[in-house]
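Residues per chain are reported as follows:
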Amino acid sequence: MTTEELKALTVNKSVDARGTSCPGPLLAAKKAIGQIEEGQVMEVLSADEGTRRDIPKWCTKKGYEYLGTLEEAGYYKIFLKK
Amino acid sequence: MSETVEQRIDALEKKVKQLQSQRKDRLSMVIFSNDMDKILAAMVIAVGAAAMDTEVKLFFTFWAISALRDKNKKTKGKDMKSKMFGAMLPHGIDQLKLSKMNMEGMGKDMIKGIMKKKNIASPREMLTTAGELGVQIDICEMSMDLMGFKKEEMIDYPNLGYCGVATFLADAGESSVQLFI
Numbered sequence: 367m368t369t370e371e372l373k374a375l376t377v378n379k380s381v382d383a384r385g386t387s388c389p390g391p392l393l394a395a396k397k398a399i400g401q402i403e404e405g406q407v408m409e410v411l412s413a414d415e416g417t418r419r420d421i422p423k424w425c426t427k428k429g430y431e432y433l434g435t436l437e438e439a440g441y442y443k444i445f446l447k448k
Numbered sequence: 054m055s056e057t058v059e060q061r062i063d064a065l066e067k068k069v070k071q072l073q074s075q076r077k078d079r080l081s082m083v084i085f086s087n088d089m090d091k092i093l094a095a096m097v098i099a100v101g102a103a104a105m106d107t108e109v110k111l112f113f114t115f116w117a118i119s120a121l122r123d124k125n126k127k128t129k130g131k132d133m134k135s136k137m138f139g140a141m142l143p144h145g146i147d148q149l150k151l152s153k154m155n156m157e158g159m160g161k162d163m164i165k166g167i168m169k170k171k172n173i174a175s176p177r178e179m180l181t182t183a184g185e186l187g188v189q190i191d192i193c194e195m196s197m198d199l200m201g202f203k204k205e206e207m208i209d210y211p212n213l214g215y216c217g218v219a220t221f222l223a224d225a226g227e228s229s230v231q232l233f234i
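First to last, the protein sequences are chains A and B. Position in the first sequence (from 1) plus 366 gives the number in this note's numbering. Position in the second sequence (from 1) plus 53 gives the number in this note's numbering.
Chain A on its own, in the form it takes in the complex (with noise of 0.2 Å):
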């Protein structure tokens, strides 16, 4: 997705997992997931520049879409659809 369709996403779902390290921001990804319906998007916050690479990964695992990240000042805002 191009920087200007992930911002006009709507999100149903956002989680700030700012203030944690790895695995941090996973695993508030994770408990977050069962509270969205399936074809809702998430959007995850986070500081941690190795979970802008783990989020596309775990999405792979757990059959979610991936849809991109946006940089954002200081942190990261990545987005996904379950």
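Hint data in this document are derived by calculation from the structure and do not stem from the laboratory. Among these hints, one or two may not hold up.
Claimed, not checked - Under the rule of at most 30 Å between Cα atoms (straight-line distance), these lysine-lysine pairs were calculated in the DSBU-like manner:
hint: 1; chain 1: B; residue 1: Lys91; chain 2: A; residue 2: Lys423
hint: 2; chain 1: B; residue 1: Lys171; chain 2: A; residue 2: Lys373
hint: 3; chain 1: A; residue 1: Lys448; chain 2: B; residue 2: Lys70
hint: 4; chain 1: B; residue 1: Lys77; chain 2: A; residue 2: Lys423
hint: 5; chain 1: A; residue 1: Lys396; chain 2: B; residue 2: Lys77
hint: 6; chain 1: B; residue 1: Lys170; chain 2: A; residue 2: Lys396
hint: 7; chain 1: B; residue 1: Lys70; chain 2: B; residue 2: Lys150
hint: 8; chain 1: A; residue 1: Lys379; chain 2: B; residue 2: Lys91
hint: 9; chain 1: B; residue 1: Lys124; chain 2: B; residue 2: Lys67
hint: 10; chain 1: A; residue 1: Lys397; chain 2: B; residue 2: Lys165
hint: 11; chain 1: A; residue 1: Lys396; chain 2: B; residue 2: Lys203
hint: 12; chain 1: B; residue 1: Lys150; chain 2: B; residue 2: Lys131
hint: 13; chain 1: A; residue 1: Lys427; chain 2: B; residue 2: Lys129
hint: 14; chain 1: A; residue 1: Lys447; chain 2: A; residue 2: Lys396
hint: 15; chain 1: A; residue 1: Lys423; chain 2: B; residue 2: Lys67
hint: 16; chain 1: B; residue 1: Lys171; chain 2: A; residue 2: Lys423
hint: 17; chain 1: B; residue 1: Lys170; chain 2: A; residue 2: Lys423
hint: 18; chain 1: B; residue 1: Lys77; chain 2: A; residue 2: Lys397
hint: 19; chain 1: B; residue 1: Lys131; chain 2: A; residue 2: Lys423
hint: 20; chain 1: B; residue 1: Lys124; chain 2: B; residue 2: Lys150
hint: 21; chain 1: A; residue 1: Lys397; chain 2: A; residue 2: Lys443
hint: 22; chain 1: B; residue 1: Lys67; chain 2: B; residue 2: Lys129
hint: 23; chain 1: B; residue 1: Lys126; chain 2: B; residue 2: Lys203
hint: 24; chain 1: B; residue 1: Lys124; chain 2: B; residue 2: Lys171
hint: 25; chain 1: A; residue 1: Lys427; chain 2: A; residue 2: Lys396
hint: 26; chain 1: B; residue 1: Lys68; chain 2: A; residue 2: Lys427
hint: 27; chain 1: A; residue 1: Lys427; chain 2: B; residue 2: Lys70
hint: 28; chain 1: A; residue 1: Lys379; chain 2: B; residue 2: Lys169
hint: 29; chain 1: B; residue 1: Lys70; chain 2: A; residue 2: Lys428
hint: 30; chain 1: B; residue 1: Lys68; chain 2: A; residue 2: Lys423
hint: 31; chain 1: B; residue 1: Lys77; chain 2: A; residue 2: Lys448
hint: 32; chain 1: B; residue 1: Lys170; chain 2: A; residue 2: Lys397
hint: 33; chain 1: B; residue 1: Lys204; chain 2: B; residue 2: Lys161
hint: 34; chain 1: B; residue 1: Lys131; chain 2: B; residue 2: Lys91
Position chain B against the provided structure of chain A, taking the given hints into account.
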């Protein structure tokens, strides 16, 4: 006589089933060291795997068992050598040393300070999280006996068991990932 397509599919399906039953989505890890850094690395991998819904089995052996002691639990009836081991090894996961640059604890305290600042979970916090995620911990019976540790001095952990090498090998043989730390 050549095989029909159906026969070949049947054979392949059988093979796939066999392969699936051999390797489970499971991480089996031997934790041997009681160095704080190594235990931390082991716990990060364990919790990370559990977060990815991989089944995790940790096999604590040798020095690592001292990390699972509860410093508030007292034991009775130990012989002299067991008492010596008990006194010289760390009393639980908060008392571990660094494998490098420990410098009589200065290095360790520095690392702990940095970890706190950078929001990196401590080994104890990781252990608690592991428990919540259903990570199984098995302690090697033989090492317990060797070091004179008793079951009543181990921590209260939700999935704590005791086993021998055959159990580990059987578990590890079915696991997709095996590690030794």
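Now for the hints, and whether the structure bears them out:
no. : hint                  : in the structure
1   : B:Lys91 <-> A:Lys423  : holds (24 Å)
2   : B:Lys171 <-> A:Lys373 : holds (29 Å)
3   : A:Lys448 <-> B:Lys70  : holds (28 Å)
4   : B:Lys77 <-> A:Lys423  : holds (18 Å)
5   : A:Lys396 <-> B:Lys77  : holds (20 Å)
6   : B:Lys170 <-> A:Lys396 : holds (24 Å)
7   : B:Lys70 <-> B:Lys150  : violated (46 Å)
8   : A:Lys379 <-> B:Lys91  : violated (35 Å)
9   : B:Lys124 <-> B:Lys67  : violated (52 Å)
10  : A:Lys397 <-> B:Lys165 : holds (27 Å)
11  : A:Lys396 <-> B:Lys203 : violated (36 Å)
12  : B:Lys150 <-> B:Lys131 : holds (25 Å)
13  : A:Lys427 <-> B:Lys129 : violated (49 Å)
14  : A:Lys447 <-> A:Lys396 : holds (13 Å)
15  : A:Lys423 <-> B:Lys67  : holds (29 Å)
16  : B:Lys171 <-> A:Lys423 : holds (24 Å)
17  : B:Lys170 <-> A:Lys423 : holds (28 Å)
18  : B:Lys77 <-> A:Lys397  : holds (23 Å)
19  : B:Lys131 <-> A:Lys423 : violated (49 Å)
20  : B:Lys124 <-> B:Lys150 : holds (16 Å)
21  : A:Lys397 <-> A:Lys443 : holds (17 Å)
22  : B:Lys67 <-> B:Lys129  : violated (55 Å)
23  : B:Lys126 <-> B:Lys203 : holds (10 Å)
24  : B:Lys124 <-> B:Lys171 : holds (27 Å)
25  : A:Lys427 <-> A:Lys396 : holds (12 Å)
26  : B:Lys68 <-> A:Lys427  : holds (22 Å)
27  : A:Lys427 <-> B:Lys70  : holds (19 Å)
28  : A:Lys379 <-> B:Lys169 : holds (28 Å)
29  : B:Lys70 <-> A:Lys428  : holds (20 Å)
30  : B:Lys68 <-> A:Lys423  : holds (27 Å)
31  : B:Lys77 <-> A:Lys448  : holds (24 Å)
32  : B:Lys170 <-> A:Lys397 : holds (24 Å)
33  : B:Lys204 <-> B:Lys161 : holds (28 Å)
34  : B:Lys131 <-> B:Lys91  : holds (29 Å)
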